[in-house]
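**Student:** One-letter residues, chain by chain:
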Amino acid sequence: MNVRLYILQRGSAALMVPLVLLHLGVIFYASARGLSAADIFARTRGSLFWGSFYAAFVVAAATHAAIGVRSIAAEWTSLRGAALEVLMWSFGLLLAALGFIAVAAVVLA
Amino acid sequence: MAEIAVSLWRGKADGNYQLYRVPQRDNQTVLDVVTWVQRNADPTLAYRFACRVGMCGSCAMTVNGRPRWTCRTHTAKVIKNGKLEIGPLANLPIIKDLACDLEPFFEKWQAAKGVFAPRLTRVDAIERIPPSTAPRLAADAAIECINCAVCYAACDTVRWNPDYLGPAALNRAWTLLNDVRDVGQRQRLQAVAAEGGCHACHSHQSCQQHCPNALNPTASIAGLKRHTMTAYLKGELE
Amino acid sequence: MNGLWDRQRRGFSRSGHRRDALWLAALLHRLSGLALAAFLPLHFLALALALKGEIALDGFLRWTANPLVKVAEMGLVFFLSVHVLGGIRILLVENLAWFQGQKQLATGALIGALLLALMFLVRAA
Numbered sequence: 001m002n003v004r005l006y007i008l009q010r011g012s013a014a015l016m017v018p019l020v021l022l023h024l025g026v027i028f029y030a031s032a033r034g035l036s037a038a039d040i041f042a043r044t045r046g047s048l049f050w051g052s053f054y055a056a057f058v059v060a061a062a063t064h065a066a067i068g069v070r071s072i073a074a075e076w077t078s079l080r081g082a083a084l085e086v087l088m089w090s091f092g093l094l095l096a097a098l099g100f101i102a103v104a105a106v107v108l109a
Numbered sequence: 001m002a003e004i005a006v007s008l009w010r011g012k013a014d015g016n017y018q019l020y021r022v023p024q025r026d027n028q029t030v031l032d033v034v035t036w037v038q039r040n041a042d043p044t045l046a047y048r049f050a051c052r053v054g055m056c057g058s059c060a061m062t063v064n065g066r067p068r069w070t071c072r073t074h075t076a077k078v079i080k081n082g083k084l085e086i087g088p089l090a091n092l093p094i095i096k097d098l099a100c101d102l103e104p105f106f107e108k109w110q111a112a113k114g115v116f117a118p119r120l121t122r123v124d125a126i127e128r129i130p131p132s133t134a135p136r137l138a139a140d141a142a143i144e145c146i147n148c149a150v151c152y153a154a155c156d157t158v159r160w161n162p163d164y165l166g167p168a169a170l171n172r173a174w175t176l177l178n179d180v181r182d183v184g185q186r187q188r189l190q191a192v193a194a195e196g197g198c199h200a201c202h203s204h205q206s207c208q209q210h211c212p213n214a215l216n217p218t219a220s221i222a223g224l225k226r227h228t229m230t231a232y233l234k235g236e237l238e
Numbered sequence: 001m002n003g004l005w006d007r008q009r010r011g012f013s014r015s016g017h018r019r020d021a022l023w024l025a026a027l028l029h030r031l032s033g034l035a036l037a038a039f040l041p042l043h044f045l046a047l048a049l050a051l052k053g054e055i056a057l058d059g060f061l062r063w064t065a066n067p068l069v070k071v072a073e074m075g076l077v078f079f080l081s082v083h084v085l086g087g088i089r090i091l092l093v094e095n096l097a098w099f100q101g102q103k104q105l106a107t108g109a110l111i112g113a114l115l116l117a118l119m120f121l122v123r124a125a
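Residue numbers (my numbering), protein chains in the order written: chain A, 1 to 109; chain B, 1 to 238; chain C, 1 to 125.
Don't take every hint at face value.
Per the computed footprint, the stretches of chain C lying under chain A, defined by three or more beta-carbons under 8 Å from a beta-carbon of chain A, are [what the hints assert, rightly or not]:
{"id": "1", "region": "16-22"}
{"id": "2", "region": "33-42"}
{"id": "3", "region": "79-87"}
{"id": "4", "region": "112-124"}
Read the hints as simulated data drawn from the structure, not as lab findings.
These numbers were taken from a predicted model, which means no experiment stands behind them.
Just so it is clear, CB atoms sit at the ideal spot from N, CA and C, and this is done for glycine as well.
Please put together the full structure from these sequences, using the hints given.
**Tutor:** As structure tokens, this is what we get:
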């Protein structure tokens, strides 16, 4: 951990506070009403709001999770040096890629 | 007379606990117990103490799994089912029995630039620092550290991250960061912003919970995090 | 005398601090984060079923109606809630002047997360 990673970690965390709270609202709303796929698409397809909301969420979550996993690996496993960087970048990029595909799947027609 | 079943750590890291039966007394401290064993049961026991009145921090050991000043720990408060378990401080190499090597602790103190770098010399007039200014208040709140290493022994980030400078070194760096007489701030910020610096701290607060002087290294380290973040965003740090 | 005191141990006992509330809060924060990080790729893959059309996603949504899945989802809601609430406390500790009541806040975060998880189960069941 250094000052750059720290700023990215805490910065992405701060950004995600309102995103997570709204997402929890979405979770409660969708599960209480038992929304089907069609119900979900009716709300998300073509929505600039949901597209930007979840795209931002993906970037923040990928950054935050990748750095977090790096810290845990550095302290609880024997991985060191370059191996930690490889772990962090590959996990972060994996989450970002899968995340953008998911957002595209739900938002793009 | 009541007796305490005291397990004392003997040997080095690969040593083991040895059991001693020590008479229990009123107003007895854990340091009294260790001293009794060395004087009456086993003169080969190695341990450290100096002031024995809670000022120097030399007698710090692990008592029932927690780092404490043994001269300020009454046995009545820590005995469980007539038993007591005493070992050296954690996170430091063991020299023998209850005495550990504090060299790594002091090396990290230096590495964090926990050393005063004066602007003035002895021939200059003494600079007046009002104690009520914000930086001096911040420094004074953290200044009473006597390097006993209890916080260092209580910290899991120290245990899990060999590069981590530790709560005491960073706390001292914070007091010097707030010392307007000091001119080594650039190097100090660089030192605490590096790998193993203040950003490795997860704010567990084990340091704050265990400090016998009621200091709060977590708060000091939070201050370092804020300062280094601002300095980095302003381009003042590498 | 209990044999626990006589046998050879791997090092002296030195983890008493791990019984403290704030240390346990930090552990829960780390483990919940790890659980969320492991869950996230699966979550994204499930949503990507939308690429195959409504029927594929609906099939998955029907599977989530299973009570065991609902309990697992409640666990995820708990992890997300406790991680963000505990995380807010850390952001406050690191960016504001020191304030008292850390243990109370940490306990509040845990209770808040448990309530949210319970609310989810009650409403979604």
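**Student:** Each hint should be assessed against the structure and marked as holding or not.
**Tutor:** Hints and how they fare:
no., hint, result
1, 16-22, "violated (count 0)"
2, 33-42, "holds (count 6)"
3, 79-87, "holds (count 4)"
4, 112-124, "holds (count 5)"
Of the numbered hints given earlier, the model fails hint 1 alone.
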